[in-house]
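A.B. asks: Heads up: the protein sequence lines correspond to chains A and B, in order.
First residue of the first sequence? That's 555 in our numbering, and the numbers climb one at a time after it.
First residue of the second sequence? That's 371 in our numbering, and the numbers climb one at a time after it.
Honestly, the hints are just simulated from the structure, not real lab data.
Watch out, some of these pointers could steer you wrong.
Label pairs and their in silico Cβ distance ranges [what the hints assert, rightly or not]:
| # | chain 1 | residue 1 | chain 2 | residue 2 | range |
| --- | --- | --- | --- | --- | --- |
| 1 | B | A432 | A | D558 | 38 to 46 angstroms |
| 2 | B | L434 | A | K710 | 49 to 57 angstroms |
| 3 | A | R609 | B | G430 | 45 to 53 angstroms |
| 4 | A | E624 | B | A435 | 34 to 42 angstroms |
| 5 | A | E624 | B | D399 | 15 to 23 angstroms |
| 6 | A | A597 | B | A440 | 19 to 27 angstroms |
As a list, the in silico BS3-like pairs of lysine-lysine whose alpha-carbon atoms are at most 25 angstroms apart [stated by the list, open to error]:
| # | chain 1 | residue 1 | chain 2 | residue 2 |
| --- | --- | --- | --- | --- |
| 7 | A | K680 | A | K696 |
| 8 | A | K680 | A | K669 |
| 9 | A | K680 | A | K710 |
| 10 | A | K565 | B | K380 |
| 11 | A | K722 | B | K380 |
| 12 | A | K680 | A | K722 |
| 13 | A | K669 | B | K380 |
| 14 | A | K696 | B | K384 |
| 15 | B | K384 | A | K722 |
| 16 | A | K722 | A | K669 |
| 17 | A | K565 | B | K384 |
| 18 | B | K384 | A | K680 |
| 19 | B | K380 | A | K680 |
| 20 | B | K384 | A | K669 |
| 21 | A | K710 | B | K380 |
| 22 | A | K710 | A | K722 |
As the structure is a computational prediction, the values presented were derived from the model and not from experiment.
Glycine is no exception: its CB is placed at the ideal position from the N, C-alpha and C atoms.
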Amino acid sequence: MQNDTSSVLIKFQQGDVDAFETLFRTHQRAVYGWILRIVRNPATTADLTIETFWRIYRAHARFHPSQEFEGWARRIATHAALDWLRTARPETELPGDIAAPPDADPAVGAEIRHKTALAFSRLPPKLRIAAILSVVEERPAKEVAEALGISVAAVKLRVFRALRLLRKDLQQQGITP
Amino acid sequence: MNAHDEDRIKQVLKRSLPQVEDEAEPVRDLWPAMLRRLDASSVAPSLSLVPWFDWALLAGLAGLAAFFPASIPVLLYYL
Chain A
555 MQNDTSSVLI
565 KFQQGDVDAF
575 ETLFRTHQRA
585 VYGWILRIVR
595 NPATTADLTI
605 ETFWRIYRAH
615 ARFHPSQEFE
625 GWARRIATHA
635 ALDWLRTARP
645 ETELPGDIAA
655 PPDADPAVGA
665 EIRHKTALAF
675 SRLPPKLRIA
685 AILSVVEERP
695 AKEVAEALGI
705 SVAAVKLRVF
715 RALRLLRKDL
725 QQQGITP
Chain B
371 MNAHDEDRIK
381 QVLKRSLPQV
391 EDEAEPVRDL
401 WPAMLRRLDA
411 SSVAPSLSLV
421 PWFDWALLAG
431 LAGLAAFFPA
441 SIPVLLYYL
């Protein structure tokens, strides 16, 4: 099994399309799930998954077979999602699937949830990614740091700055968390 | 912002944005779309793949030809 994986990675590095298809089918779910956590829109996520694998295929010669493929793919996916967040306008209306979580705390009103989500969508993309992966998705800081290509300390700083900006935005809207 | 404020805003954020399920997966097979993207790129290679110095050389030759038309036969001779 280990040898099979190694031989697929070696063939992929040489530009073999069949090996690329094997890697695509093995890792597309993980890449899709990672991007969905960041952009939170299934249609955009599907497009970005293809964009990510396109970047992966173009970079095949730079991949070293001893590297962990999933971590490498996650890093490329994070940058593809970041590029999209930089060009996308902040949401004015939230997609239905995230506007009203089924297990939402009744103590937090729908209006506060809506305003929080909108304020969050206005944060700078770099801060938003760090906060959503660390706070909302509760991913380990080390994993987030590797995906963003920064240190764990830098992730914690970005999360802190994101929360501070979010609090300020909510206070300007008359909401005191 | 103190630690208490930080915890409060984290809680509000977590309650406002639900976690994505671990089982999330695309509703359709993405490989056909990936294949189309690969095919399109092999038919029409992206201009962005051309190194910057090739563009600089082309611009230099175009400038030379524009300012010194007499050099065109010399350039054609060396092509």
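A.B. asks: Any hints from earlier that this structure breaks? Give me their numbers in increasing order, please.
C.D. replies: Result: hints 1, 3, 4, 6, 10, 17 break, sorted rising.
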